[in-house]
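What follows is the residue order along each chain.
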Amino acid sequence: MKASIKVWRFDPDNGDKGNLIQYQAPYQEGDTVLQALLDLYEQEYPVCFRFGCRFKKCGLCAVEINGRPRLACRTPLKDGLTIRPLRALPNIRDLVVDRDPAFSVLLPYQPWPAIGEPPERLPRLTEPVEHQRLMACNECLGCLSTCPTYRHDDPSCGGPFQFVKLAQAHFHPLDRMDRPAQARALSIERCGSCLKCRCLIGIPIVKMAIQPLLEGAHQP
Amino acid sequence: METRSYDVIVVGAGGAGVTAAASAARAGARVAILSKEPVGCGNTRIAYGGFAGVGMVPEDNPEEFFRDIVAGGEGLGNPQLTRDFTKDARKGPCVAEGMGHIFRRDQEGDVKGPVIGRAGGHRFHRGLSSPAQGVSLGGMLHNAAFGAGVEILEEVVAFRLMGQDRVNGLLAYTLRDGRVLALNAGTVVLACGGAGWLFYPHTDCVRSSTGDGFALALEAGAELMGMEFLQFLPFSVTHPPSYTGIFLGEPSSTGPNGRLVNGKGETVMTNMMPKTRSQVARVVALEINAGNTTPHGGISLDVTPNLETPQGRKAWESMNATGLLDQARLIYGERAYRWEEPWDVAPTAHFSAGGVRIDRDCRSTIPGLYAAGEVSGGVHGADRLGGTALTEVFLFGWKSGKRAAAEAASLGSSQVDSREAEEQASRVEALFGRKGGNRPIALIRRLQKVMWDKVGVVRTDEGLRQALQEFDRIRDGAQDLQVRSGRTFNTEVAEALELEMMLATGRAMAKSALERQESRGGHVRLDFPDRDDARWLKNIFVRKEGDKLRIRAEAVPSLEALS
Ligand SMILES: Cc1cc2nc3c(=O)[nH]c(=O)nc-3n(C[C@H](O)[C@H](O)[C@H](O)COP(=O)(O)OP(=O)(O)OC[C@H]3O[C@@H](n4cnc5c(N)ncnc54)[C@H](O)[C@@H]3O)c2cc1C
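Each protein sequence line maps, in turn, to chains W and B. Number 115 in the working numbering belongs to position 114 of the first sequence; there are no gaps in the numbering. Number 261 in the working numbering belongs to position 242 of the second sequence; there are no gaps in the numbering.
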């Protein structure tokens, strides 16, 4: 059996602008989109895409499928799918995007605890449930494609991924920085009336990242 | 060619690599960290996130832990490394928390009591767990790499270590723009992880685990040990093909009443929880090898009897609470998840127990070259107990970075040989747009097939020799590559470089497996089915001399002899 799918091809080395190409991917019961891409790659079309673990943990295979960001490894293959790169980030080649801007905008804010000598023993502490949930972020960056206003080329404009990262730090029991203030510097106010962002693996971004940072923003 | 200089270069950015880079930078070194994927991936990110500590219940102590590892590794670990590991195991999790990780706590905020688990082969509860599993380690490592003040080179493939009598740098290929970089370094730390991907699709490991570190070390003249010991987990997904090999569990995940049933309906194993991974994987593999399979080519792990006992139901609850049933639920469905129907299972390549031979300071046998994490060998032996890999990764990662920084500080500047660098670069250059007959991916798939069929869970003299012959044919095929042109993200050039390294690693594994004429731990020989302590309480070492691999076996040293 075959599934007919369209895949975005873009070869910057050819001065090409990119276009959708139709392929007949081999299809077996239970196949994922990632499997189809692997099959195509092996057969004859060296289409470029990232992947790592085949089961939703590495976060590398996020692409847009029929206009929505999805993990290719967790999306069933079907006839008629259109597969494109994440629109929120610059396209490098085929389905591969430049991930750097999503991280570099965060660097000035150092959203991590300082690294010291390891403690002698594990301290008594309570990990907020928000931290537990937020640390499940696999950094697939798919959420950025659900944000109507994120711009990768504007250093004053964060998106859901950046707010998740700041909130991870905010809820780390040993963190001491004013994360809500940093979120303001990344224009989190604009989220107040929107809340359209979605996480591909179900982390409640609004409830656990955006709202706490926004509410923190009103504190003195 | 672009050349850059550092004190320490760390190859690999999973747990061992980022930890090594952070500790080297803390010690004042100028550090670069290289990774084939974005930082913080590797098998560390996809791990379950369990760490083995020690002394968390009153009866336990480093001596007891040492005994368990020796029993689990069937006597083949290096006793000195195992001793160092068990003595300091308590600190491994501390290194991870020092970098920002948080382990599961009880109500009072302590790591004790019911939050401590126990994997197969451990006689005491030692397992710390991570609420968001390895994914949280990955995110933490990504942050830590940024926070450590090191230069990050992502999506590059290190393909050659440089230097004559000591390693003084390396060459790397950049996926982003198809260049070769020459990187000078006082010392290099290999933290490239294992070789699980050599068995794709029969592996639960990530795509980057192509065993490059073993090949890099061999080529530089360093010695490897225990390469015949690849740990297969007993339980992975058999279907659909998209998920073949994905992790389902280890012996402790079978519940007290789980049983293995072969394709003929015969019960072939019960009471698996206390057993080691190899003990169970062997039974599964031998049944499959004998053709007693389910229609999907696996055998049946019947977890359903657990629902009939209170202990069994409790086992389900604790597995469910820590996310160990996610895979079963998402791939096999609700009933499988609830243990209302048996699981179809087959072994999967999980962990390289052998690797680069290191001393107590993580130094390889070649000056200037260190190794830490899964790429190193010696702590475990013929098999590995659950949770010990991650503890080792953080413990030895931290130590290797410190030692590598200290050595680099004592050296003058290093410079790779520019002629050799140019030669290598033009070899890579010649790959772009080459119009031969074989695509790298096709040869890689051939290699993976022969690895699984002949160097996999069950091995024979004949099969291993056939594998070596097939490696020769694949190597010949690689003389005639077809590679696309184009600089940007040319994955085929990367694969051509990986293929060379996979061949070298596969060969070291097959040769070591051929040498060991017994069955022990993860190494099962149909023609030598028994463990043979009289002849084989030995480590097998492999090293490259000229174009040949030299194999030698040496008795496992006794602790007394070492101290
Ligand atoms: C599904 C699964 C679950 C597991 N669960 C557990 C667990 O709960 N507890 C436990 O103790 N162990 C577990 N393990 C084992 C453990 O996760 C690994 O042994 C450990 O994470 C290895 O860490 P590492 O840093 O040595 O290598 P990795 O984390 O695999 O990192 C390797 C790094 O090297 C890079 N690299 C490789 N080759 C090159 C090259 N040529 N050039 C540049 N970079 C290169 C990669 O890109 C990557 O960054 C599990 C393993 C798997 C597969």
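By construction, these hints were calculated from the structure, which means they are not laboratory data. Treat the hints with caution; some may be incorrect.
Not everything, but these chain W residues come out facing chain B in the computed CB check (under 8 Å) [to be verified]: (1) 3; (2) 5; (3) 9; (4) 23; (5) 49; (6) 55; (7) 88; (8) 90; (9) 91; (10) 92; (11) 118; (12) 127; (13) 139; (14) 173; (15) 178; (16) 181.
Built from N, CA and C at the ideal position, the CB exists for glycine as well.
Now for the hints, and whether the structure bears them out:
1. 3: Violated, about 15 Å.
2. 5: violated, 18 Å
3. 9: violated, 14 Å
4. 23: It is violated, given that the least Cβ distance between residue 23 (chain W) and chain B is near 20 Å, above 8 Å.
5. 49: holds, 5 Å
6. 55: holds, 6 Å
7. 88: Since the shortest Cβ distance to chain B is 18 Å, the answer is violated.
8. 90: violated, 13 Å
9. 91: Hint on residue 91 (chain W): violated, closest Cβ of chain B at ~12 Å, above 8 Å.
10. 92: With a minimum Cβ separation of about 11 Å from chain B (threshold 8 Å), the hint on residue 92 (chain W) is violated.
11. 118: This hint holds: residue 118 (chain W) lies near chain B, its Cβ roughly 7 Å from the closest one there, short of 8 Å.
12. 127: holds, 5 Å
13. 139: At about 5 Å, which falls below the 8 Å cut-off, the nearest Cβ of chain B leaves the hint on residue 139 (chain W) intact, so it holds.
14. 173: Nearest chain B Cβ about 7 Å off; hint holds.
15. 178: violated, 12 Å
16. 181: Result: violated, 19 Å to nearest chain B Cβ.
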